[in-house]
Amino acid sequence: GTEEQWVEDQLRAFRETYGEVKGYEFAEAFMESILSLATKGVESDRVAEVLKDGVYEDAYRRIISVLKSVGVTFEGVDADDDTENSNPKMKIASKMRDEDICLSMLDKLN
Numbered sequence: 001g002t003e004e005q006w007v008e009d010q011l012r013a014f015r016e017t018y019g020e021v022k023g024y025e026f027a028e029a030f031m032e033s034i035l036s037l038a039t040k041g042v043e044s045d046r047v048a049e050v051l052k053d054g055v056y057e058d059a060y061r062r063i064i065s066v067l068k069s070v071g072v073t074f075e076g077v078d079a080d081d082d083t084e085n086s087n088p089k090m091k092i093a094s095k096m097r098d099e100d101i102c103l104s105m106l107d108k109l110n
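Its first residue numbered 1, the sequence shown is counted upward by one per residue in the working numbering.
Hint data in this document are derived by calculation from the structure and do not stem from the laboratory. Note that this is a predicted model, so its numbers are computed, not measured. Wrong hints could be hidden among the right ones.
[What the hints assert, rightly or not] In silico lysine-lysine, DSSO-like type, Cα no more than 27 Å apart, as pairs:
(1) Lys89 x Lys40
(2) Lys52 x Lys91
(3) Lys91 x Lys22
(4) Lys40 x Lys52
(5) Lys22 x Lys52
[Stated by the list, open to error] Between beta-carbon pairs, the in silico distance windows are:
(6) Asp98 x Gln10: 29 to 39 Å
(7) Glu16 x Arg97: 16 to 26 Å
(8) Leu51 x Val72: 13 to 23 Å
(9) Thr17 x Lys40: 16 to 26 Å
(10) Asp9 x Ile63: 15 to 25 Å
(11) Ala13 x Lys40: 16 to 26 Å
(12) Thr73 x Lys22: 35 to 45 Å
The C-beta atom is built at its ideal place from N, Cα and C for all residues, glycine as well.
Please construct the entire structure, taking both the sequences and the accompanying hints into account.
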């Protein structure tokens, strides 16, 4: 699909620009994880790697937290062929929670 090609193009450009930088593989796993959520709405297979390595774990968890704070909900992905995975993948659910997303005191006062 076109989204998948776009993600591949982004990762290729990132690799060509930063591939020789120390720690690149951690950044690539993080970027792939974020792009997967943004385009497919499904966690990447590399999320477990991001969380295990710990380099971008806090950043990834912050992004998930921000998404949840504005009403995004996650649900498990059916993984019939991935039963040995102890960390089942999640996807963005089709229905959001109704959250008050006013971000400042002035918004609340008006």
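Here is what the structure says about each hint:
This hinted pair checks out: Lys89 and Lys40 have alpha carbons roughly 13 Å apart, not beyond 27 Å. Only pairs whose Cα atoms come within 27 Å are accepted, and Lys52 paired with Lys91 is accepted, the gap being roughly 19 Å. Annotation: proposed proximity of Lys91 to Lys22 is violated, straight-line Cα distance about 31 Å (limit 27 Å). The suggested pairing of Lys40 with Lys52 holds, with an alpha-carbon distance near 23 Å, which does not exceed 27 Å.
Under the criterion of a C-alpha separation no larger than 27 Å, the hint pairing Lys22 with Lys52 is consistent with the structure, at around 18 Å. At about 33 Å, the beta-carbon gap between Asp98 and Gln10 stays in the expected band of 29 to 39 Å. For Glu16 paired with Arg97, a C-beta distance near 40 Å fails the hint of 16 to 26 Å. Under the hint 13 to 23 Å, the C-beta atoms of Leu51 and Val72, about 18 Å apart, fit the expected range.
About 24 Å separates the C-beta atoms of Thr17 and Lys40, a value consistent with the hinted range of 16 to 26 Å. In this structure the hint that Asp9 and Ile63 lie 15 to 25 Å apart at CB holds, the actual value being about 21 Å. A beta carbon spacing of about 19 Å between Ala13 and Lys40 agrees with the range 16 to 26 Å that was offered as a hint. The given range of 35 to 45 Å is respected by Thr73 and Lys22, whose C-beta atoms sit roughly 37 Å from each other.
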